[in-house]
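**Q** Assemble chains B, C and D onto chain A, guided by the hints.
Residue numbers (our numbering), protein chains in the order written: chain A, 1 to 371; chain B, 1001 to 1371; chain C, 2001 to 2371; chain D, 3001 to 3371.
No lab work stands behind these hints: they were computed from the structure. A hint or two may mislead.
[What the hints assert, rightly or not] List of simulated lysine-lysine pairs, DSSO-like, C-alpha gap at most 30 Å:
{"#": "1", "chain 1": "B", "residue 1": "Lys1209", "chain 2": "B", "residue 2": "Lys1060"}
{"#": "2", "chain 1": "B", "residue 1": "Lys1075", "chain 2": "C", "residue 2": "Lys2060"}
{"#": "3", "chain 1": "B", "residue 1": "Lys1060", "chain 2": "C", "residue 2": "Lys2075"}
{"#": "4", "chain 1": "A", "residue 1": "Lys60", "chain 2": "A", "residue 2": "Lys332"}
{"#": "5", "chain 1": "A", "residue 1": "Lys75", "chain 2": "D", "residue 2": "Lys3332"}
{"#": "6", "chain 1": "B", "residue 1": "Lys1332", "chain 2": "C", "residue 2": "Lys2075"}
{"#": "7", "chain 1": "D", "residue 1": "Lys3075", "chain 2": "A", "residue 2": "Lys332"}
{"#": "8", "chain 1": "D", "residue 1": "Lys3075", "chain 2": "A", "residue 2": "Lys75"}
{"#": "9", "chain 1": "A", "residue 1": "Lys60", "chain 2": "D", "residue 2": "Lys3332"}
{"#": "10", "chain 1": "C", "residue 1": "Lys2332", "chain 2": "B", "residue 2": "Lys1075"}
[What the hints assert, rightly or not] Label pairs and their computed distance ranges (CB to CB):
{"#": "11", "chain 1": "B", "residue 1": "Phe1117", "chain 2": "D", "residue 2": "Glu3269", "range": "23 to 33 Å"}
{"#": "12", "chain 1": "B", "residue 1": "Arg1318", "chain 2": "C", "residue 2": "Gly2074", "range": "32 to 42 Å"}
{"#": "13", "chain 1": "B", "residue 1": "Gly1370", "chain 2": "D", "residue 2": "Asp3279", "range": "23 to 33 Å"}
{"#": "14", "chain 1": "C", "residue 1": "Ala2172", "chain 2": "B", "residue 2": "Pro1035", "range": "56 to 66 Å"}
{"#": "15", "chain 1": "C", "residue 1": "Ala2176", "chain 2": "A", "residue 2": "Pro35", "range": "43 to 53 Å"}
{"#": "16", "chain 1": "B", "residue 1": "Ser1053", "chain 2": "D", "residue 2": "Asp3279", "range": "30 to 40 Å"}
{"#": "17", "chain 1": "D", "residue 1": "Glu3277", "chain 2": "B", "residue 2": "Ala1172", "range": "55 to 65 Å"}
{"#": "18", "chain 1": "A", "residue 1": "Pro35", "chain 2": "B", "residue 2": "Thr1321", "range": "40 to 50 Å"}
{"#": "19", "chain 1": "D", "residue 1": "Glu3277", "chain 2": "C", "residue 2": "Gly2224", "range": "49 to 59 Å"}
{"#": "20", "chain 1": "D", "residue 1": "Thr3328", "chain 2": "C", "residue 2": "Gly2224", "range": "22 to 32 Å"}
{"#": "21", "chain 1": "C", "residue 1": "Arg2054", "chain 2": "D", "residue 2": "Asp3168", "range": "36 to 46 Å"}
Virtual Cβ for every residue (Gly too), placed ideally from N, Cα, C.
There are 4 protein chains.
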Amino acid sequence: MPGSSFGEAFRITTAGESHGPGNVVIIDGCPPGLPLSTEDLVSDLGRRRPGQSRLVTQRKEADAPEILSGVFEGKTTGTPIAILVRNVDQRSRDYSDISDKYRPGHADKSFDDKYGFRDYRGGGRASARETVARVAAGAVAKKLLRTAFGGRVTGYVIQVGDVVATVDDPVAVTEAAVETLPDGEPNLVRCPDPLAAQKMVELIDAVRKDQDSVGGVAEICATGIPAGLGEPVFDKLKADLGKALFSLPAVLGVEYGIGFRGASLRGSENNDIFVPEGDRVVTETNRHGGILGGISTGMPIVLRAAVKPTSSLSREQRTVTRSGEVTTIQTKGRHDPCLLPRFVPMAEAMVALVLADHYVRWIGQSRTLGP
Amino acid sequence: MPGSSFGEAFRITTAGESHGPGNVVIIDGCPPGLPLSTEDLVSDLGRRRPGQSRLVTQRKEADAPEILSGVFEGKTTGTPIAILVRNVDQRSRDYSDISDKYRPGHADKSFDDKYGFRDYRGGGRASARETVARVAAGAVAKKLLRTAFGGRVTGYVIQVGDVVATVDDPVAVTEAAVETLPDGEPNLVRCPDPLAAQKMVELIDAVRKDQDSVGGVAEICATGIPAGLGEPVFDKLKADLGKALFSLPAVLGVEYGIGFRGASLRGSENNDIFVPEGDRVVTETNRHGGILGGISTGMPIVLRAAVKPTSSLSREQRTVTRSGEVTTIQTKGRHDPCLLPRFVPMAEAMVALVLADHYVRWIGQSRTLGP
Amino acid sequence: MPGSSFGEAFRITTAGESHGPGNVVIIDGCPPGLPLSTEDLVSDLGRRRPGQSRLVTQRKEADAPEILSGVFEGKTTGTPIAILVRNVDQRSRDYSDISDKYRPGHADKSFDDKYGFRDYRGGGRASARETVARVAAGAVAKKLLRTAFGGRVTGYVIQVGDVVATVDDPVAVTEAAVETLPDGEPNLVRCPDPLAAQKMVELIDAVRKDQDSVGGVAEICATGIPAGLGEPVFDKLKADLGKALFSLPAVLGVEYGIGFRGASLRGSENNDIFVPEGDRVVTETNRHGGILGGISTGMPIVLRAAVKPTSSLSREQRTVTRSGEVTTIQTKGRHDPCLLPRFVPMAEAMVALVLADHYVRWIGQSRTLGP
Amino acid sequence: MPGSSFGEAFRITTAGESHGPGNVVIIDGCPPGLPLSTEDLVSDLGRRRPGQSRLVTQRKEADAPEILSGVFEGKTTGTPIAILVRNVDQRSRDYSDISDKYRPGHADKSFDDKYGFRDYRGGGRASARETVARVAAGAVAKKLLRTAFGGRVTGYVIQVGDVVATVDDPVAVTEAAVETLPDGEPNLVRCPDPLAAQKMVELIDAVRKDQDSVGGVAEICATGIPAGLGEPVFDKLKADLGKALFSLPAVLGVEYGIGFRGASLRGSENNDIFVPEGDRVVTETNRHGGILGGISTGMPIVLRAAVKPTSSLSREQRTVTRSGEVTTIQTKGRHDPCLLPRFVPMAEAMVALVLADHYVRWIGQSRTLGP
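Extracted from the complex, chain A is given alone in its bound form:
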């Protein structure tokens, strides 16, 4: 019944709120023998970290992870790995106003409807702060994918507002291009098309000054993934990936491969043709986004997620109080004018978690009597 766990074989459980003592994740089912230390976690935690640039929330968090269990002499033992990230810069005073008013676009009223009351400090459990635990766990999943079969998961921004990037080949996008511009400057917005990236930054700066926010779209590409992952019916790979991305805050839509554009096509235009390549079978094109029948085909897995404009606005908005009286609210705290730059590592983490989970599941079923 409770909803704080994700995955079946490589399974994570998280806890933590925006303004409590910290966030914790327990990873259960990680295979033994994986080299692991906090060094493996800090890169992605840094990419997700608030305060990393002027484009994101200015909350200051070191986000230094502590591994509490499951690692011995530099390797995972097979027992559960608990990781704790303490909250430091909580500034509860910024949020006291929201204890009685419902912020438009937020979960304040939802939590009251569900639980009868809520931890209103910074959104409590509904804050994107909880994703720090996911990103820590996702870094472990990524390490597993790389170690087990050389798999990689790379995310990047392809749209902010009406600025749309040109990315011809998802497989060609490098992590370096996502993090760094050709001139060596940090790629603040994590868009691998430098011209679009520049326009996106300008747009985000403009909406921020306008006390507004803006949405966008991220794309995630996983390469080197073995064929055969995913279950035929409910736990299709696309279904678990879809759930993974929709479980992130602010995601309004998810598609893979050709996505919504496929609705307009004919079968003869959409089908990807199988062809031999060396001793394997591949497809000439990848409109199927690496998944057929819900199962990975060995081709790159390509997904996109639409992210809404941040609901928190510094400008005044109409709303109601808990008792239903009309009022207005300004969200003075710290928030991201555009969620996309920090969304990239969150999305990568969720995709990696699904792939790690299905890989372990597949090994169990297919190796029991198989080769």
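**A** What follows is chains B, C and D alone, placed relative to chain A:
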């Protein structure tokens, strides 16, 4: 690890292949006391049934369900409900060609990659035949929603190929308008916009004659759903609904509320404003599609799913054999030139299953110490 | 929330009542490639079958299983296996008396307390009839254990009332000795000590004539089980085996290895000493019953379950009606004067299901990065 | 697949080793509104604490819990509750000897068989140290039982070695009698029969001086538990309670109600007779231990668990090294000469967790359409 169950508290498990003896679903966790008989199942099974019109596959199946357990004197007992739907018209001869060739766009190669071999008759477990079990279970879920709180789930087609319907208000779409045209004729394509429906039928007729297929988009609207359903993090209502729809065959993308269009908006354009309405709080607009923070708000829940054009084509396509040799294939069997008309009851079923599940979950947690 | 599934990786879900149309089990997660047909099921179903001898209930059931899915050309496909066993001899008239009276020792009142009402025909879901689905699934699990690593699970009766058998070495008990007496006659009571078996038969005959019933103890021994199965904390092998046996009707106690006698011992008396044997490490003695730290050691796994005397008695007993009025009841239907003979295949099935599940779980975790 | 979670609706997940930084538990599914603070945890943690008397291990741990999430303004919020207990007195040097030798009766070899290697410090995840997380969670479960319906769970020791206590009525045992002797001194062994308690203390003192250890039996009684908890088939209340107790270290056997003695009885001797009592129905006797058909009857729930003598002995024992060479070992570290005194709060915790879980599950299913 296995993937044939769906839901946590109202939980279904299915089994069955296209050409085996039959398909079965076990519904575990249905509350006791729900009036139920096969009469409650036949309507949706009929809407999903092959052979219902010239627009769909001509496989002939009575799809007569047998309730094997869990119902006594016309009411559910609280113990598991098993429902069996036998396969009748299996015609295995139509499919013998595919035992050695990979059909483009199908799961044939995926299954070989996953399991080492496959039941090739009609696609085996990968056939949309398995959805007969989901639709039977979904009818029970719908009955529960109606009985517990008057909830309803209505699906319909809003796009086929490049024909796009006009549906101003999802809440205003009646089941009658989905099933019957204004002139009293059956609405073969299940589009509530009669003019678009006519063009969709013409398009499907055309692609069928052309030995081709076409994709589309369905919209699903759930009304009367209580506020408070869904879990804050992984099991957000949008996440479980997203998984539910992505778990259906051929779904390429899912969005709710404003969906992908929200990526282009500013926060000030996208946020829905809370206002009082009698003694409840509603939103002036419903761009949030009835879900905030992953939890239902009491507003109508509106989702859309993009469905790919049927992969099976009567026309010749290039492909490879299991051993990787180049060949061609024509899929002579019976298949839908457009999946959308039969997709509607499948999508309704999956949405109803998620809502029933989260309703029972919410009761458990919120009533233990609550009112 | 619902409780009709068992196992994590090799997972079964059952449905069915005593007097409904039938009982069904879905086995999800069985590895592909296991040779399987109904022939593999009939032996254990026969050992569990009512009417097999004068010592058991005289209900007549063919218990002919139908495999509805998951098997193709004689092998499991990796997709869910559904097995249906229809009820034939239901004779509802025998049980009409119990619709209003609570049978002592039965679940009648429990079901009313839980669900508000119940299917009173033959005990409904509380009848041992439901174990037919478990035994069918257990036969598949046994086949998997034998095929994957030559594992075997053998159960037998070691006590009926105050008649206690002498079984020096559980590993030496053959299935033949459990089923057949040295003189070639059927071993009706499934006790491998022929002298005790004779006394047990006499005792059961006596209690039956006395309109009474009698309890007993069964022992189950699993051999050839690899070391390393079981999880360190909650899903210890002993914990899942304990749950498995306690989940069977009428089980009052479970112990493994030295069991309750170990409470009286000192550590120096109880510890088994590790010694080398060829290239493996074994223990000189097996007081630990094949499990240390909750994980299998490679030594034989030995468990015992205490089974209560059948609650149904033909003699008159005091009780109350649903409305709490004092009355008397005689259970005239058909019931076992002693549950033990038919308990043996049920217990074997549950033990085999746990071992199959933990084997698949172990493969998944240990082979992902391992050899 | 992984085994570090327990429960379905009120669900805990734990992590932590004997000599890592600490142990953590996440409680997911706790209803909102339960008053909770660390004050509620310290009593049971103190009863479980090492160093509490000369009869137990002398490891020094403050066992001060930190609530990391899920509590706001003194009440649970309905979101996951994470509790951290740091390890302080780890003294790894005591255990360095065991890195290469298998301690008799311990999980050292099991872990090597399962994972290929192990965290050998103090037994790692196999140490009873992990139960600190269970006891913290169990305290929350107890608070829920008390708050929701006045339920109580009381454990006590009834046997140490061959000293057997006389406890006529489990319901009459008070927590005070378990913790304090009639003369006001602490009841070091937690046996409510003062004469037996004295003999138990003497026995434990004797075996300790003899560099040996001794086993025993604990009894747990839950009162005030509503009728109707438990599921009919696999998740019978007795099955989940059985698993709960077997999941604790050193438990060799579990029974409830009449237990193994019931094997010798006739049905006419064993059945408890239903009688009216005011407006409810009770049984005249309680041989059924509060559970019929796997479902609680409203009578007291009474269980017993046999606990083996501590495997760690200071005296020399024969064993083998990891590479299979014969050697000897003395376990010099700190260990309990008898596990029973500290086993009591562990067993209470596990029983409380099962009851809390089944209560929330029952509310969900029975209140959805019910009163």
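**Q** With a cut-off of 30 Å on the C-alpha distance, tell me whether Lys75 of chain A and Lys3332 of chain D pass.
**A** It holds: about 27 Å lies between the C-alpha atoms, which stays within 30 Å.
**Q** Measuring from beta carbon to beta carbon, are Gly1370 of chain B and Asp3279 of chain D in 23 to 33 Å?
**A** The hinted range 23 to 33 Å holds for Gly1370 of chain B and Asp3279 of chain D, with Cβ atoms some 26 Å apart.
**Q** Looking only at beta-carbon atoms, does the pair Glu3277 of chain D, Gly2224 of chain C fall within the given range of 49 to 59 Å?
**A** 53 Å, holds
**Q** Do the Cβ positions of Pro35 of chain A and Thr1321 of chain B conform to the proposed distance bound of 40 to 50 Å?
**A** Given a distance of about 42 Å, which is inside 40 to 50 Å, the answer is holds.
**Q** Could you say whether the range 30 to 40 Å given as a hint is met by the Cβ separation of Ser1053 of chain B and Asp3279 of chain D?
**A** Check failed, 60 Å falls outside 30 to 40 Å.
**Q** If you draw a straight line from the CA of Lys1209 of chain B to the CA of Lys1060 of chain B, is it 30 Å or shorter?
**A** 21 Å, holds
**Q** Has the given pair, Lys60 of chain A with Lys3332 of chain D, been kept, meaning a C-alpha gap of at most 30 Å?
**A** 48 Å, violated
**Q** Has the given pair, Lys2332 of chain C with Lys1075 of chain B, been kept, meaning a C-alpha gap of at most 30 Å?
**A** 27 Å, holds
**Q** Need the status of pair Lys1075 of chain B, Lys2060 of chain C: alpha-carbon distance at most 30 Å?
**A** 28 Å, holds
**Q** Would you mind confirming whether the straight-line C-alpha gap from Lys3075 of chain D to Lys332 of chain A stays at or under 30 Å?
**A** Roughly 27 Å separates the two Cα atoms, so the pair holds.
**Q** Evaluate the given range 32 to 42 Å for the C-beta pair formed by Arg1318 of chain B and Gly2074 of chain C.
**A** Cβ of Arg1318 of chain B to Cβ of Gly2074 of chain C: about 33 Å, so the range 32 to 42 Å holds.
**Q** Honestly, do Thr3328 of chain D and Gly2224 of chain C meet the 22 to 32 Å range at C-beta?
**A** 31 Å, holds
Hint compliance for this structure: hints 8, 9, 11, 16 are broken, all remaining hints hold.
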